[in-house]
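Engineer: Note that the UniProt record's numbering has the sequence shown beginning at 1, numbered continuously upward.
Hints in this document: simulated from the structure, not taken from any laboratory.
Cβ coordinates follow ideal geometry from the N, Cα and C atoms, glycine included.
Possibly wrong hints are sitting among the right ones.
[Stated by the list, open to error] The calculated lysine-lysine pairs, modelled on DSS-like cross-linking and capped at a C-alpha distance of 27 Å, are: (1) Lys-600 x Lys-582; (2) Lys-158 x Lys-168; (3) Lys-165 x Lys-299; (4) Lys-165 x Lys-276; (5) Lys-70 x Lys-146; (6) Lys-473 x Lys-208.
[To be verified] Derived Cβ-Cβ restraints for the label pairs, each shown as a range: (7) Val-687 x Gly-348: 36 to 46 Å; (8) His-162 x Arg-8: 41 to 51 Å; (9) Trp-530 x Gln-253: 36 to 46 Å; (10) Thr-128 x Leu-298: 44 to 54 Å; (11) His-37 x His-301: 33 to 43 Å; (12) Ala-46 x Ala-319: 51 to 61 Å; (13) Trp-308 x Ala-46: 50 to 60 Å.
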Amino acid sequence: MTASIEVRRHHKIEVNHLDRLAIVYVRQSTLAQLQQHQESTRLQYALVHHAATLGWAPERVLVIDDDQGKSGTSAAGRPGFTRLVTEVSLGHVGLILGIEMSRLARSNRDWHHLLEVCALFQTLIGDTDGIYNPADYNDRLLLGLKGTMSEAELHILKNRMHQGKLNKARRGALGTPTPSGYLRDVYGQIQLDPDEQVQQVIRLIFRKFEELGTLHAVLHYLVEERIQLGVRERTRAGGGLLTWRRPNRMTLQNLLHNPMYAGVYAYGRRQVDPKKKLAGRSSTGRVTLPPSQWHVLLKEHVPAYISWEQYQQNVARMAANRNIASLSGAPKRGTGLLSGVLRCGHCGHRMVVSYHTALGGSALRYNCIRQVSDYAGSPCFSCTGAVVDHWVTAQLLEALTPVSVALSLEAQAALNRDREALDQHWHARLERAHYEAERAARQYRGVEPEHRLVARSLERAWEQALEAERTLKEEYERHVHLRPRQLTPAEILQVQTLSTALPALWSASTTTMQDRKEVLRLVVKQITLWGAVNDERMDVRIEWQGGNVTGGQLIRPVARLDQVSTYAELCARVEAGVTQEKTALEMADELNAAGLRPPKRRTTWNAAQVRSLAQRLGLRFSKGTDGRAVPSRRPPRAGDWWTLDGLAQRLNMPVVTLYGWLHRDIVKGEQLKQGGTWRIWADDAEVRRLQVLRAEPIGARQHRQWVSKATSMLEEPEVRDVSP
1 MTASIEVRRH
11 HKIEVNHLDR
21 LAIVYVRQST
31 LAQLQQHQES
41 TRLQYALVHH
51 AATLGWAPER
61 VLVIDDDQGK
71 SGTSAAGRPG
81 FTRLVTEVSL
91 GHVGLILGIE
101 MSRLARSNRD
111 WHHLLEVCAL
121 FQTLIGDTDG
131 IYNPADYNDR
141 LLLGLKGTMS
151 EAELHILKNR
161 MHQGKLNKAR
171 RGALGTPTPS
181 GYLRDVYGQI
191 QLDPDEQVQQ
201 VIRLIFRKFE
211 ELGTLHAVLH
221 YLVEERIQLG
231 VRERTRAGGG
241 LLTWRRPNRM
251 TLQNLLHNPM
261 YAGVYAYGRR
271 QVDPKKKLAG
281 RSSTGRVTLP
291 PSQWHVLLKE
301 HVPAYISWEQ
311 YQQNVARMAA
321 NRNIASLSGA
331 PKRGTGLLSG
341 VLRCGHCGHR
351 MVVSYHTALG
361 GSALRYNCIR
371 QVSDYAGSPC
381 FSCTGAVVDH
391 WVTAQLLEAL
401 TPVSVALSLE
411 AQAALNRDRE
421 ALDQHWHARL
431 ERAHYEAERA
441 ARQYRGVEPE
451 HRLVARSLER
461 AWEQALEAER
471 TLKEEYERHV
481 HLRPRQLTPA
491 EILQVQTLST
501 ALPALWSAST
511 TTMQDRKEVL
521 RLVVKQITLW
531 GAVNDERMDV
541 RIEWQGGNVT
551 GGQLIRPVAR
561 LDQVSTYAEL
571 CARVEAGVTQ
581 EKTALEMADE
591 LNAAGLRPPK
601 RRTTWNAAQV
611 RSLAQRLGLR
621 FSKGTDGRAV
631 PSRRPPRAGD
641 WWTLDGLAQR
651 LNMPVVTLYG
661 WLHRDIVKGE
671 QLKQGGTWRI
681 WADDAEVRRL
691 QVLRAEPIGA
701 RQHRQWVSKA
711 TSMLEEPEVR
721 DVSP
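Can you make the complete structure from the sequences, with help from the hints?
Structural biologist: Here is the structure:
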């Protein structure tokens with residue numbers, strides 16, 4: 001027999017409302033509330049009976065509880081609220097019931113959006129206080145006030161909790177998770193982990209980062225030496241049990257960025273940026289702030305592994321190691337010594353290194369490509385890397401020579417400290433393995449022999465502990481055998497003697513490019529290069545870390561003879577030599593004596609280069625035995641006929657490029673005799689056409705040819721076979 005339900009229809013409920021659904025919206029903000037405050041959940045589900053008393057049939061009451069455990073601060077990430085608004089927008093809902101308005105939304109934006117939709121589709125809203133019609137102004141005013149109070153209530157609660165937490169943090173009493181190497185005592189105070197091996201590993205990580213300089217190098221060292229990190233279990237079941245885990249990049253990064261290792265209690269290191277927060281995801285939008293913007297920073301509050309100054313240096317070094325344009329990045333293995341510290345003097349941006357793979361990757365250049373990559377323009381500056389590297393190396397060695405002995409002694413001390421740290425780590429591991437074996441033996445001896453079920457398990461555990469101890473001893477013996485032996489006093493004296501010959505150590509095969517770059521960055525802050533594109537001279541400026549500046553002018557190899565700054569003087573001297581009927585070798589000696597340099601990578605002139613320059617100027621040499629110059633000149637132009645050199649100068653292009661145009665039929669020409677010189681036909685109109693062609697970007701002509709070929713293929717009529 002079914003119990004009857006007494007219907008008490010509200011005067012605002014009409015027949016058209018009863019023809020549609022009544023929706024009961026159920027929501028709790030957190031999963032903890034679902035588990036610990038179940039009475040509120042029961043009250044919300046009891047609204048189904050309340051809907052029946054208002055006149056809705058039980059089968060016409062829909063319960064939406066998809067948003068259990070989700071906050072009402074935003075509609076994002078709440079599929080139940082989205083479903084509710086959708087049903088109202090389709091005209092399917094006559095009444096929305098909630099235990100209070102805060103269950104539906106705690107955001108004025110979402111709340112008023114729901115009111116607009118409900119007013120448009122004649123949907124009522126009800127709670128334990130009554131029934132409201134959003135289309136009625138008075139009810140709308142009351143609903144708006146309830147929504148505002150709901151949002152304000154959340155703000156007041158959150159602000160009160162935040163202020164309490166902040167006040168507790170200012171005293172350093174707010175509990176925060178302790179990283180590896182720390183734990184809390186019975187009084188809640190943060191102390192160093194009592195396990196000496198855990199402390200040794202933490203100190204070793206900081207010391208190796210100071211020595212190696214990069215996170216990857218530290219990780220590689222730990223993996224190579226089979227060093228693991230000691231971590232305390234935080235779960236209630238673990239009970240602070242110490243476990244050893246393989247190091248990884250993220251763990252090391254968090255460890256080096258954690259200020260607690262510098263003895264600092266910090267709160268507010270990562271705060272929420274509203275612009276970066278994703279809707280419906282409460283854990284997003286957090287950004288790391290500098291120490292000046294932290295809420296709380298208490299120095300010397302906990303025992304420290306490193307100093308605060310060392311922590312700041314580590315953070316700055318990791319930031320500088322990032323591979324972005326504004327930073328130098330970590331030293332790599334490439335042969336470009338100045339990579340990361342070289343800047344263009346024309347635009348101020350960082351110059352990049354390029355290696356010529358056709359030459360086996362040995363030839364390097366420094367290029368400023370910002371204008372090319374960002375604006376599709378011409379490169380600011382480019383130069384051969386060897387010239388700059390050699391000059392900077394000379395300046396660096398000159399600056400480091402007075403302190404080379406002190407550096408060698410410090411390096412020796414660092415090697416000894418590293419050896420001692422590894423020995424301590426291995427001895428701690430051996431001691432722990434021996435303890436585990438002895439502990440397993442005591443457990444086995446303590447069991448009754450007749451209790452074979454337990455004895456067999458303890459016997460296997462003892463055997464496993466003994467095997468682990470034996471394996472660890474073998475690994476330690478291999479480690480001792482493979483590691484570099486300790487230097488004898490005679491070898492130490494030899495190292496100190498060699499330290500006075502710093503250039504030899506710099507050029508030694510055992511010194512890697514990464515080592516050289518590390519040394520360079522310790523003393524050099526920035527190097528700036530600038531110079532004209534068509535000039536072999538370039539200026540260099542070194543900014544040292546101490547603030548001093550060293551400048552100089554270098555000669556870089558250029559591709560063409562007309563790019564040499566002394567080109568006019570060279571031409572004048574060659575013309576004078578031809579007039580005096582000197583040989584090419586005599587002219588080469590005069591040019592070398594005058595200190596005039598040829599292009600490319602040569603430092604002196606020879607007879608062949610002089611003949612090439614004379615031919616470029618339209619001069620020639622006789623075929624006699626002495627090879628003396630004949631004072632005759634072929635004019636660069638005779639009517640519409642040009643010499644190769646003359647037209648190349650007119651178009652401001654290399655002769656070899658014009659010669660390639662001749663063989664590709666871009667220009668018209670003829671050879672005066674078999675194996676003789678060429679002359680090219682070009683009237684004024686043809687010269688203008690060639691100038692336009694010369695000014696086109698690389699690949700424009702090939703693109704035009706491809707478009708022309710593709711167009712002709714599309715326009716070609718289709719031939720069909722109509723034969724039977």
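Engineer: Checking against the hints above, which ones are violated?
Structural biologist: none
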